[in-house]
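K.L.:
Chains A and B are the protein sequences, given in the same order. For the first sequence, the positions run 1 to 89 when the numbering used here is used. For the second sequence, the positions run 1 to 998 when the numbering used here is used.
Derived by calculation from the structure, the hints in this document are not laboratory data. Please note that a few of the clues may not be correct.
Claimed, not checked - Below, in silico cross-link-like pairs of lysine-lysine (DSS-like), each with a Cα-Cα straight-line distance of 25 Å or less:
(1) K343(B) - K369(B)
(2) K673(B) - K822(B)
(3) K889(B) - K52(A)
(4) K26(A) - K935(B)
(5) K449(B) - K15(A)
(6) K447(B) - K481(B)
(7) K26(A) - K882(B)
(8) K344(B) - K512(B)
(9) K447(B) - K52(A)
(10) K5(A) - K282(B)
(11) K26(A) - K26(B)
(12) K975(B) - K935(B)
(13) K884(B) - K26(A)
(14) K673(B) - K83(A)
(15) K883(B) - K935(B)
(16) K673(B) - K52(A)
(17) K5(A) - K449(B)
(18) K512(B) - K398(B)
(19) K967(B) - K15(A)
(20) K433(B) - K27(B)
(21) K5(A) - K27(B)
(22) K889(B) - K47(A)
(23) K400(B) - K5(A)
(24) K166(B) - K5(A)
Since the structure is predicted, the reported quantities are computational estimates derived from the model, not experimental observations.
Each chain is listed here by its residues.
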Amino acid sequence: MLYIKCPYCGLRAQKEFSYGGDATVKRPNINEEVSSEDWDNFVYMRKSPRGKHIELWQHIAGCRQWIKVQRDTATHEIFQTAKVTEEIR
Amino acid sequence: MSQPFRLNKEGLINRNKKISFTFNGKKLFGYEGDTIASALIANGIHLVGRSFKYHRPRGFFGAGVEEPNAKLQVEFNGHSEPNVNATEMELVEGLSATSQNCWPSVNFDIGAINNFLKMFFPAGFYYKTFMWPKSFWYKIYEPFIRKAAGLGVASIEKDKERYEHKFEYCDLLVTGSGPSGLASAYAAAKNGAKVILAEDKPRFGGTLLTDDVSIDNLSGKDWAEKIISELKSMPNVTVKNRSQVFGYYDHNMLVMFERVSDHLEKKSKFTPRQRLWYIRAKETILSTGSIERPIVFGNNDTPGIFLSAAAKEYMKVYGVLVGKKPLIFTNNDSAYETALEFKKNNVEPIILDTREEHSSELIDEAKSKGIDIRFSHGVIVANGYKKVKSAKIGKLNKDKNSFEKIETVDCDCICVSGFWTPSVHLASQSGNKLKYEEKIDAFIPDKKKQHETSVGAANGSFTLEESLKNGFENGSNLSAKITDTKAEIAIPNVNEKKYGAHDKFWCMPLPKNENPKRFVDFQNDVSVSDIEIALREGYRSIEHVKRYTTLGMATDQGRTSNLNGLQLVSNIENKIVPEVGHTTFRPPFTPITIGTIVGREVGMEYMPTRKTPMHEWHEKNNAVFVDAGAWKRPRYYKQGNETLFEASKREAKNVRENVGICDVTTLGKIDIKGPDAAEFLNRVYTNAWMKLPVGKARYGLMLREDGIVMDDGTTTRISENHYHMTTTTAQAANVLSHLEYYLQIVWPELNVNVVSTTEQWAGAAIAGPKSRDMLSKLYPDLDVSNDALPFMGYKEADFFGVPSRIFRISFSGELAYEINVKSDHGMFMWEKMMEVGKEFGNQPYGTEALSTLRIEMGHVAGPELDGRTIPSDVSLNGLVSKKKDFIGKNSLGREAFNVESRQKIVGLIPIDRKSSIPEGSHIVQDQNAKLPNPKLGHVSSSCWSVENNNPFSLAIMKDGKNMIGKKFFAVSPLKNKSIEVEVISSHYVDPEGKRVRS
């Protein structure tokens, strides 16, 4: 079970969180024209890297905030966590 | 009742307390502190089971967790448990143990015929034999194999015991209380760290209990006791015996299995049987010690053959002799300690040492005590079927591949030692790649992957001095980093015997023309010849050899067999062991009960039960409940001998004719507030929301970004910047997360807050042509006319003194209202409604009637919004705005979503107007067509239409409305039914929706 540092609540067990996918995907702006290709990329296309991955988790059994987690998909090592408004490099 | 093999004084058992038990029906006794194994050996019993494949007689081999053979069916405290390790299970009064894998008895076992047919049961036997003919597999081969395989019998009774889970956090977890573990825990505790020390056995101290050593002039046992009592007195230390750390998981989480009360005769009602600890440790000390490995020789599985350290443990801990005429067979010095212990107890051992004559501190001591030592000797084959009677021993030539002299000596036990294997299981589980240490011919931990540090024998240090030093240093350094304190600790003076070098010799050769089985893995009956066959047949990877021969599998995980197997493979393949590699270690280290894994989450506690405030009323009024997620909802209210079908028909009909009330508390409710709330809803829902006036409700549809319908419900504008959203019961949690996602991540610029209020409000729907009449009685001071409170209208009003919200919305398609009051007033509201509703013929209705009402109206719900449908599939395209953007809009233009033949919602009625159409039926053109019969769609919801008095179904079907008027078959292979149906509109009742507006 992973140990995830919620930027609001501190270190908490994985069972308090729910996974939310790739955090680097940006939704096309509302009310703006978007090509089918861009839209399909946004909805369907995801990278599945072996190694560092920046992803979203929601602290559903805690503060209910969505957060960013940088995790190694092979070793589960967590390098950094951040609020969604913050950058992870 | 004498115990012929019990020593007079030795041992740590409590001789003042006798414990009686039975073994295979025979009444025996032992002492408090015995294991089943030590008590049986004390009684001279060695034959305890039959082996897995050949049904060979088997006895004890070890004295703890390493035991491969002695697995018993044990009954105690009123339950029966299979595969209990006799060397670990403590004796309790009234315990009854029986042998497994034998019939009719362990003494005379029919299955032993396999032993004489062993030439037909080589490695891979099952794979080769049961391949053909294919049709034999299910009926003949599989049942036969299932019957023949397996050891004990799982109980089919409900487990009445209590199991618990516990979550714990610490600075340092120490796994094992041998010398290095004690030293680590002590040093860390002195630094003020929060320490947990876990010991698998009932007694602390590990090898300190059995080794002839002294520390600061105390015996090993006394020193261990001193340290333990000091640790117990410290508030920052938790000391746990009977606790096995069996798994090392991500982010330094370890899981421990505590046997809380299996050893207790009496326990209080709420004492759990076993407890699972989830421990998050900042640092972990792995002081798991090492396990002795055997040397392989002929018939080495005969009862009476022990690991030499186990024989010593039986003497020193339990005061039990494993035999009175022992042969000690060794390639190293440690077995000499066992020989000396026998000698001390007036038993004359013979030592067979595979090494050439040489001297060391221990050898010299044995010599001086007059022990018969034969160098360059080993056991070729053990004689005796159910117990060792003698052994053929041989003097090895210089190359150790043949014999210079062979003779037979009498013996009643053989104690074998092939050196020591560090227990690296936890280190390996943590991700540590192991490395092969030539000096000890075994794997030890390499570079750390998590916060784990192996110390002492687990790290390949086999001297006490080194183990203690190792423990004190690591315990102190690791904890100092956490606590910022470093206490001075004097490393104690140690007195121990020095060992000489061991012999790199693992498997006895066989003389010409002799071919006894030489077992490598006892638990799975894997012999040297099986490994040879696997290699001859081309298996190279050690993982493949393992799976083909089953070497190292089963519950003991090859603790005594893995390294000998690797040595064999490396010899035959002419590779060095590190090239062969090792198989993967996986948790659990020892078998644990399913009950412990499940913990308290059984029965009612499996998941939380959500009850509405009116639940008690439903119970009192014969409601039959159905699970809706965690909620309990009344499915129907049973009157007399009514069936579900009859009751739901009555309830639905009453709504159509009079009025009914339904508990709708379970609907998801989300409070939405903020100046941008309207804009937010406009983006979330497919329809327009900017112009909804205060005091009005609107039906809304929300999509996922891929265009699939996510949920539907009504949202009401309570005030300028305040909305009340309802969701379906099932999607309530998902919708809330969905809204939070967009507000926090995608559109943080919108000033909106959302919060779940599902449990804050109790809800009741009033539906039926007489609902307005009833409402006017409930709110005598309120104008409830169609003009004052029209369809989709909203009012706040006083309900007999409590504040309430009135929504004119309808799920049943009838004139209907939903009343919400604060949860605490839910019961009051419901009872008042029942009282006032009497004169209008009001009856409560459950979810079954609710479904009937919505299906015949053609209202879609979960079965239609099944994660595959877009709005136009379910006739909701009228709700999709063309003018504005919203979540998922861009996906609706996809080509596949717009083909004419796409499956869409229709209604179905049976041609005979009588046969109910099973939900899930497939719609086909020709019921007799050859398989695969082209599927045109499926039946999503079915009901008995109370309006038309015949069955009616909703279906998702190819070409949708274009099929209206055509006939098909609805086929359900599951129910073995095929019904001819006609396609009609999905709106079977009141297609214009006049009633809701009336």
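K.L.:
Does each hint hold? Answer for all of them.
P.N.:
Structure-based check of each hint:
1. Proposed proximity of K343(B) and K369(B) is supported: the alpha carbons are some 8 Å apart, at most 25 Å.
2. The suggested pairing of K673(B) with K822(B) holds, with an alpha-carbon distance near 19 Å, which does not exceed 25 Å.
3. Using a Cα cut-off of 25 Å, the hinted pair K889(B) and K52(A) is violated, with the two alpha carbons roughly 32 Å apart.
4. A hinted pair counts as satisfied when its Cα atoms are at most 25 Å apart, and K26(A) with K935(B) does not qualify at roughly 39 Å.
5. Simply put, K449(B) and K15(A) have alpha-carbon atoms about 23 Å apart, close enough for the 25 Å limit, and the pair holds.
6. The suggested pairing of K447(B) with K481(B) holds, with an alpha-carbon distance near 19 Å, which does not exceed 25 Å.
7. For the proposed pair K26(A) and K882(B), the alpha carbon gap of about 24 Å is at most 25 Å, so the pair holds.
8. Simply put, K344(B) and K512(B) have alpha-carbon atoms about 39 Å apart, too far for the 25 Å limit, and the pair is violated.
9. For a cut-off of 25 Å, the pair hint linking K447(B) to K52(A) stands: about 21 Å separates their Cα positions.
10. For the given pair, K5(A) sits about 14 Å from K282(B) by alpha-carbon distance, which is consistent with the 25 Å threshold.
11. For a cut-off of 25 Å, the pair hint linking K26(A) to K26(B) is broken: about 74 Å separates their Cα positions.
12. Restraint check: the Cα-Cα separation between K975(B) and K935(B) comes to about 17 Å, which is no more than 25 Å; the hinted pair holds.
13. A C-alpha spacing of about 20 Å is found between K884(B) and K26(A), which places the hinted pair at or below 25 Å, so the restraint holds.
14. Proximity of K673(B) to K83(A) is assessed by CA-CA distance (about 23 Å); at most 25 Å being required, the pair is judged to hold.
15. The suggested pairing of K883(B) with K935(B) is violated, with an alpha-carbon distance near 37 Å, which exceeds 25 Å.
16. With a CA separation close to 38 Å, the supplied pair K673(B) and K52(A) exceeds the 25 Å bound.
17. With a CA separation close to 20 Å, the supplied pair K5(A) and K449(B) stays within the 25 Å bound.
18. Taking the CA atoms of K512(B) and K398(B), the gap is about 18 Å. The hint holds against a cut of 25 Å.
19. Annotation: proposed proximity of K967(B) to K15(A) is violated, straight-line Cα distance about 51 Å (limit 25 Å).
20. This hinted pair does not check out: K433(B) and K27(B) have alpha carbons roughly 49 Å apart, beyond 25 Å.
21. Our distance criterion of 25 Å between C-alpha atoms is broken by K5(A) and K27(B), whose separation comes to about 58 Å.
22. Taken as a hint, the K889(B) and K47(A) pair is honoured in the structure, with Cα atoms around 24 Å apart against an allowance of 25 Å.
23. Annotation: proposed proximity of K400(B) to K5(A) is violated, straight-line Cα distance about 60 Å (limit 25 Å).
24. With a C-alpha separation of about 21 Å, the suggested pair K166(B) and K5(A) falls inside the 25 Å cut-off, and the hint holds.
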